[in-house]
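Based on the hints, put chain W in the right spot on chain V.
Below, each chain spelled out in residue letters.
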Amino acid sequence: MSSIDEAPPSRRMRTPNDSPLKVWFLAPLGLWLILLFLLPLLFLLWIGFWRVENFQAIPDFSLSNYTDIFASFFSKSRYGLAMIQSLWVAITTAFFATILSYMVALSIAFAVPARWQRLALLLAIAPFWSSYVLRLYAWQTILSRNGVINSIMRLVGLSDYRIDIIYTQIATRIGLIHYLAPILIVILYVSILAIDRVLIEAARELGCTRWQAFTRVVLPLSRFGLMTAGSFAVIVSLGDALSGNLLGGGAGTSIIGKLPTYASMIMSDYSSSTNLPRTSALATILIAVMVLALAVGFVLADRARRRIG
Amino acid sequence: MRGNPWIFAGRLWLGLAYAFMFLPLVVLVLFSFQKNRFPGFPLQGWTLQWYDKLFSDGTLLNALGNTMIVSPAAATIATAIAFFAAYAFNRFAFRGKTAFLALVTLPILIPPLILGVGFLGLLARIHLSGTLFAVFLTHVVLITAPALAIIQLRLSQMPVSLEEAAWDLGATEWQTVKKVVLPFALPGIFGAWLLAFTFSFDEFIIAWFVSGFQPTLPVAIYSVLVAAIDPSLNAIGTIVFGISCLVLIGLELVLLPLLLGKSENQS
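Top to bottom, those sequences are chains V and W.
Going left to right, the first sequence walks through residues 1 to 309 as full-length UniProt numbering numbers them.
Going left to right, the second sequence walks through residues 1 to 267 as full-length UniProt numbering numbers them.
Keep in mind that the hints were calculated from the coordinates and are not lab data.
Source: prediction; values computed, not measured.
Among the hints, erroneous ones may be present.
[As the list claims (entries may be wrong)] Keeping only pairs whose Cα atoms sit at most 20 Å apart, straight-line, the calculated EDC-like set for lysine to aspartate or glutamate is: (1) K22(V) / E163(W); (2) K22(V) / D57(W); (3) K22(V) / E173(W).
[Unchecked claim] In silico negatives: residues of chain V with every beta carbon more than 10 Å from chain W: (4) Y66; (5) F96; (6) V198; (7) L219; (8) S273; (9) A301.
We treat Cβ as the ideally placed atom computed from N, Cα and C, and that holds for glycine.
For reference, chain V alone in the conformation it holds in the complex (with noise of 0.2 Å):
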């Protein structure tokens, strides 16, 4: 040891953290990011101030575009309405998803012996890995009006049970839930694996039954696997466009109407106006409405907190 302390090195670092890695390693992803997704964003909120003269965007300063999207935003264009269907379908599918994955991963960590835990997962989460166009196509093909189920009913003689789903925001929900189930039920085992299996089994031992044991220890300390499971759910719901295209067919009904998707809309609106200004400022209010529901969330869950802790 010594021998190797005494030998005279070139250049030693004084301390491990005193280092040129440390500028070099980090600099490609800090441009990157800078490059190709700070400066995006920025531009995204600037375009939203362009207008647009003989199908060309001209940088301005103008307020044209929010004043045309808020001046019918409940009557003729529908933004508004959108978005509130947008809303109550991304709330409604992340409610049911967390909870339906939920179920499963409490059943992948309790009901399965632990050394089929991790096969078990692998195939709840398998589909994951299949795309996600294919996936609300082959749903398109099961729930269609004469599609995989409906023919199945007819070939067993219940042709009066139709399900006439197809095309209605619960179709969107169906691809949704079928698109996060993988994700949301890795964040909840990993977070009920996290529990501490001896708290478990001293309620156990002192008289609690199973389902004591689990609303007062499990459900309680898998609080914070539910939260991050179900606001994800939302952020992606809100954000996506296919489920509600493709299952939904542009406007689906619910008992809200027959509406589309705000993102939906927003897309539609660009492949039809290819009016990129207005589309920015559509997104901008989409992002806005996202830091706002996310910080209703946060002051919720938090007061939660507070009522329990």
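Below, chain W without anything else, positioned relative to chain V:
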């Protein structure tokens, strides 16, 4: 434990969940080999005609080719950037580290729809939109964060003494990274690459905005899909599913042990 109704209910639920998760895949594969023009029962006999149509038509295969150029390239660059950054995050303390990490995570929290509009605005301005290169540039942004998370997970399992020993034995810092850290991180790097590849392979909305006349596979599938029902989609779906199975096997061997913290050096 036997005959406990909760355990039974849990397994029943798990069975239902698997049925729900795999139903679309089963339908996709089954009807890629069936003569039915519109998927449904009764089945009308086995055929390979949709694969024929797929290979003779070429649009979707062309798009698959585009994707197989963009996604591996984006995954490789993203993994390289992520490895260096993960090493720096793991080893160094510096001001603004938390803020930097938050900035890295932001691209996966912002809906890709919004990012797509932003990318299009910027890239159209510098005349890069409508190319595969644009898809590559933007996908790297999107997939670096998950890659970084995986590699960081792996590096956090590395004992600090390993690096110190290398320095004491006279290795330069760069040599240490190359000959000690890199081999140790290799499973993490491999898992990160696979995850990054998957995200890029499946990404639709950003590619829809910026790819123009060089569509990636999801974009091409979407445009076929909104035009008409075409059973060749089942065929390409089955092929894609085959590719995913390969990725999944790689993942099972590398990523899950990492995530669930049962790495080989603990046993």
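These are the hints, each one checked on the structure:
1. At roughly 15 Å between alpha-carbon atoms, K22(V) and E163(W) fall within 20 Å of each other, so this suggested pair holds.
2. For the suggested pair K22(V) and D57(W), the alpha carbons sit about 51 Å apart, so the restraint of at most 20 Å is broken.
3. A distance of roughly 11 Å separates the Cα atoms of K22(V) and E173(W); the hinted pair therefore holds under the 20 Å criterion.
4. Separation of Y66(V) from chain W is adequate, the least Cβ-Cβ distance of about 15 Å exceeding the 10 Å criterion.
5. With a least beta-carbon separation of about 12 Å from chain W, F96(V) lies farther than 10 Å from that chain, consistent with its non-interface assignment.
6. No beta-carbon of chain W is positioned within 10 Å of the beta-carbon of V198(V); the least distance is around 18 Å.
7. Consistency note on L219(V): stated as away from chain W, and its beta-carbon is indeed over 10 Å from all of that chain's, at 14 Å minimum.
8. Residue placement check: S273(V) keeps its beta carbon more than 10 Å from all beta carbons of chain W (closest about 13 Å).
9. At the 10 Å boundary, the C-beta of A301(V) stays outside the reach of chain W, the nearest C-beta of that chain being 17 Å off.
When held up to the earlier numbered hints, the structure conflicts with hint 2 and nothing else.
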